[in-house]
Amino acid sequence: MTVRLAVVFLVALLGACATPPQGSVVLLPDPAGKPAQVTVTQGTQQLVLDQPYAGARLSGDGPKAYASSAQEVQAQFGAALAARPLPPAQFTLYFVEGKDEFTAESKRIIDDVFGEIARRPVPDVQVIGHTDTVGSDAVNDPLSRQRAEVVRSALVARGMSAERIVATGRGKRELAVPTADGVAEPRNRRVEILVR
Amino acid sequence: MNTLSRRLRRGLPLALLMACVAATAADDVGQIKVAKGQVLVDRNGQSFPAQVGMALTAADTLKTGADGTVGITMRDNSLLSAGPNSVLTLDRFEFDPTTHQGRFESGLQRGTLAVVSGRIAKQSPQAMTVRTPSAVLAVRGTDFVVSVP
Chain D
1 MTVRLAVVFL VALLGACATP PQGSVVLLPD PAGKPAQVTV TQGTQQLVLD
51 QPYAGARLSG DGPKAYASSA QEVQAQFGAA LAARPLPPAQ FTLYFVEGKD
101 EFTAESKRII DDVFGEIARR PVPDVQVIGH TDTVGSDAVN DPLSRQRAEV
151 VRSALVARGM SAERIVATGR GKRELAVPTA DGVAEPRNRR VEILVR
Chain L
1 MNTLSRRLRR GLPLALLMAC VAATAADDVG QIKVAKGQVL VDRNGQSFPA
51 QVGMALTAAD TLKTGADGTV GITMRDNSLL SAGPNSVLTL DRFEFDPTTH
101 QGRFESGLQR GTLAVVSGRI AKQSPQAMTV RTPSAVLAVR GTDFVVSVP
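Residue numbers (my numbering), protein chains in the order written: chain D, 1 to 196; chain L, 1 to 149.
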């Protein structure tokens, strides 16, 4: 009897040793409401988190699913969440077809950009040019960069520190309005400004 | 001709300066946007107190003290923020701003971390991973938290 008890106790102890807590992972609701997913892998064991507040406890036996909650996340991760930087603010400027000139209303949006820059303690700006689908990548990649450079120069000319602005181009890879190839679409000829 | 060469001479130092500045901005993998309490950046075997606005490079390690928190924005718009007593390593960051192809690997050795994935994970599912000492998290998007005791 004593021996059997000792064995049971030993097994329980071993069980405890085999699975010391190794942390946890919780998927949060997507801010834009889009499907989100994190795959948790420990050795050969895998667990997919794809629902808001789906959790995984990490252990020597692999990830174990559990249901977390907003309250629990706030209690454990409140400090980390409070330190999260402001998400980038996005502005869009439009261009006259085939040129690097702004449309009239886009000039006014630049004022809003400066308002957002003033709101942030250490702002940096990404200027990202886009084209419509007229022409090849070889034409559109440089054109999109050129449009971004125009905006960058305009921001620098108005007093934004040059070292805080990076200009890049996406060519025709990220259409605001999906079209077939070779379609002139004014809403795709644009520059995004991200104030971060 | 004379005027042109004078103009070139005058313009050259400025152009060089601009090129250096641009190269620096493009080499940064991210920037510290939020820092409170004790936060250190370990880089090349040296430790610096973290400051808001500081640029980060791949291979930096961020450490927070008992009262420390830190928030960073990566070049692909990923947002990472760590709570107190945390050790966060930036292990690898590659990002092509034209194609959005890239790879972002980070690690939480200890503490708490909140993550919003960015352009890299959006373009290529599984291109962004967060490691803990015992697990690998592959991120398809977007908002999650991790703790390591």
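Source of the hints: derived by calculation from the structure; they are not laboratory data. Please note: incorrect hints may appear among the correct ones.
Below, simulated SDA-like cross-link-like pairs (lysine to any residue); rule was C-alpha separation at most 20 Å, straight line [as the list claims (entries may be wrong)]: (1) L:K36 to D:G78; (2) L:K122 to D:S69; (3) L:K122 to D:A89; (4) L:K36 to D:S69; (5) D:K64 to D:P52; (6) L:K122 to D:P88; (7) L:K36 to D:P87; (8) L:K36 to D:P52; (9) L:K122 to D:Q90; (10) D:K64 to L:V136; (11) D:K34 to L:Q126; (12) L:K36 to L:A66; (13) L:K36 to D:K64; (14) D:K34 to L:R140; (15) D:K34 to D:Q76; (16) L:K36 to D:Q74.
Inset, instruction - Decide if the proposed pair is consistent with the structure: K36 of chain L and P87 of chain D, CA atoms, cutoff 20 Å inclusive. - result: holds, 18 Å
Inset, instruction - Take the C-alpha atoms of K36 of chain L and K64 of chain D, compute the straight-line distance between them, and say whether it is at most 20 Å. - result: violated, 33 Å
Legend entry - 20 Å limit on alpha-carbon distance, applied to hinted pair K36 of chain L and A66 of chain L: With Cα atoms ~11 Å apart, K36 of chain L and A66 of chain L stay inside 20 Å; holds.
Inset, instruction - Below or equal to 20 Å on CA atoms is what counts here, so check K36 of chain L against S69 of chain D. - result: violated, 26 Å
Inset, instruction - Given the hint that K122 of chain L pairs with A89 of chain D, test it: the Cα-Cα distance must not exceed 20 Å. - result: holds, 18 Å
Inset, instruction - Below or equal to 20 Å on CA atoms is what counts here, so check K34 of chain D against Q76 of chain D. - result: It is violated: about 25 Å lies between the C-alpha atoms, which goes past 20 Å.
Legend entry - Given pair status - Q74 of chain D, K36 of chain L, alpha carbons within 20 Å: holds, 18 Å
Legend entry - Restraint check for K122 of chain L with S69 of chain D, where alpha carbons must lie at most 20 Å apart: Violated, at about 26 Å.
Inset, instruction - Quickly compare the C-alpha distance for K36 of chain L and P52 of chain D to 20 Å and report which way the hint goes. - result: Between K36 of chain L and P52 of chain D the Cα gap is close to 29 Å, so the pair fails against 20 Å, i.e. violated.
Inset, instruction - Verify the proposed pairing of K36 of chain L with G78 of chain D, using a straight-line Cα cut of 20 Å. - result: holds, 14 Å
Inset, instruction - Take a quick look at whether K122 of chain L and Q90 of chain D sit within 20 Å of each other, Cα to Cα. - result: holds, 17 Å
Inset, instruction - For the pair supplied as a hint, K64 of chain D and V136 of chain L, confirm whether the alpha-carbon distance does not exceed 20 Å. - result: The given pair, whose Cα atoms are some 14 Å apart, holds under the 20 Å limit.
Going through the hint list in order, the structure does not satisfy hints 2, 4, 8, 13 and 15.
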